[in-house]
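Colleague: Given next are the chains, with one letter for each unit.
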Amino acid sequence: MIRKIAWVAVAALCSLPACFMSKGSLNQPLRAHAVEGFVPGTTTASDVTARLGAPNEVIQLGQRTAYRYDFTNTKRAGFTLIVVTFLNEDTRSDRIWLFFDAKDVLTHAGATFEGDETEYSMPWDDTEGD
Amino acid sequence: MGRHGRRLIAALAVLPLASGCVTFGWEREVRDVAHSASTLDELRPGDASLSQCLDRLGAPLYVWEYKRDGMALAWGWLDNDQKGFSVSVPLAEYLSASFSYDQIDARMRGIVLLFDENLTLELAQRGYLRDLSLAYARRRPADTSTPP
Chain B
1 MIRKIAWVAV AALCSLPACF MSKGSLNQPL RAHAVEGFVP GTTTASDVTA
51 RLGAPNEVIQ LGQRTAYRYD FTNTKRAGFT LIVVTFLNED TRSDRIWLFF
101 DAKDVLTHAG ATFEGDETEY SMPWDDTEGD
Chain X
1 MGRHGRRLIA ALAVLPLASG CVTFGWEREV RDVAHSASTL DELRPGDASL
51 SQCLDRLGAP LYVWEYKRDG MALAWGWLDN DQKGFSVSVP LAEYLSASFS
101 YDQIDARMRG IVLLFDENLT LELAQRGYLR DLSLAYARRR PADTSTPP
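Chains as they are written, first to last, in my numbering: chain B, 1 to 130; chain X, 1 to 148.
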């Protein structure tokens, strides 16, 4: 009797997979409309900080400066079955770089909005999504 | 309880402990999207402007000073796919990994575009981003000429 119970327990244990999903993010999501009003040659660094707040990084480039705003989103999914483990981590970002001249007037802007394209997936899935 | 029964119970007790010891793992880590070679080929040194590069590639990951009034911009991406047996499940280590702007992941590939003082593309370099960054990612030292 004990032997039968033990075998049933072994079979049940082997058939019980464990999976998990987790999500992590850094900063607040950025939206495209946040930069639509920024006009090179007109918008100043003060205008930018009034709308977006303090940048995450300021870089000095000779006479110029560059401000970085970013939001990073990560989704992880895992699956384990006794001795087999699958893990996948997908990280995408919203990122804005704003370049200012010596008078703190905006000259160039570069923006990427991919933070909401992260996926919970397995390692074999195609998550490039380009 | 017979001898076989005791052995089975012992095996049951050991099984959960053993499950984390020798495992086959398939781990994949994806960070940002790689730009196609054709997109990068369209950006010609001596011709492409900073605006054109930003329009095509979006926001860079890193920006560094280059030749005082120029700049070096870096785009990077990662698609790390690992399969193999391990003696333990490095779950905590795996989960503790996270993206940082302060430290470039050695596995990250990318492109660095160098712009001259007129913000015209001077040179494009491809490869592992950490290696490419060594020449540019130095922080400018603080000005210590004025006593506090």
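No lab work stands behind these hints, which were simulated from the structure alone.
Fair warning: there could be bad hints in the mix.
Stated by the list, open to error - Straight-line Cα separation of at most 27 Å, BS3-like style, residue types lysine-lysine; simulated pairs: (1) B:LYS23 to X:LYS83; (2) B:LYS103 to X:LYS67; (3) B:LYS75 to B:LYS23; (4) B:LYS75 to X:LYS83.
Unchecked claim - Here are some, though not all, of the chain X residues that point toward chain B, as calculated from beta-carbon distances under 7 Å: (5) ALA10; (6) PHE24; (7) TRP26; (8) ASP47; (9) SER51; (10) MET71; (11) GLU122; (12) LEU123.
Even for Gly, the Cβ is constructed at its ideal location relative to N, Cα and C.
Colleague: Now look at each hint and say whether the structure bears it out.
Modeller: Outcome of the hint check:
no.: 1; hint: B:LYS23 to X:LYS83; result: holds (23 Å)
no.: 2; hint: B:LYS103 to X:LYS67; result: holds (20 Å)
no.: 3; hint: B:LYS75 to B:LYS23; result: holds (5 Å)
no.: 4; hint: B:LYS75 to X:LYS83; result: holds (20 Å)
no.: 5; hint: ALA10; result: violated (10 Å)
no.: 6; hint: PHE24; result: holds (5 Å)
no.: 7; hint: TRP26; result: holds (5 Å)
no.: 8; hint: ASP47; result: violated (17 Å)
no.: 9; hint: SER51; result: holds (6 Å)
no.: 10; hint: MET71; result: holds (5 Å)
no.: 11; hint: GLU122; result: violated (14 Å)
no.: 12; hint: LEU123; result: violated (17 Å)
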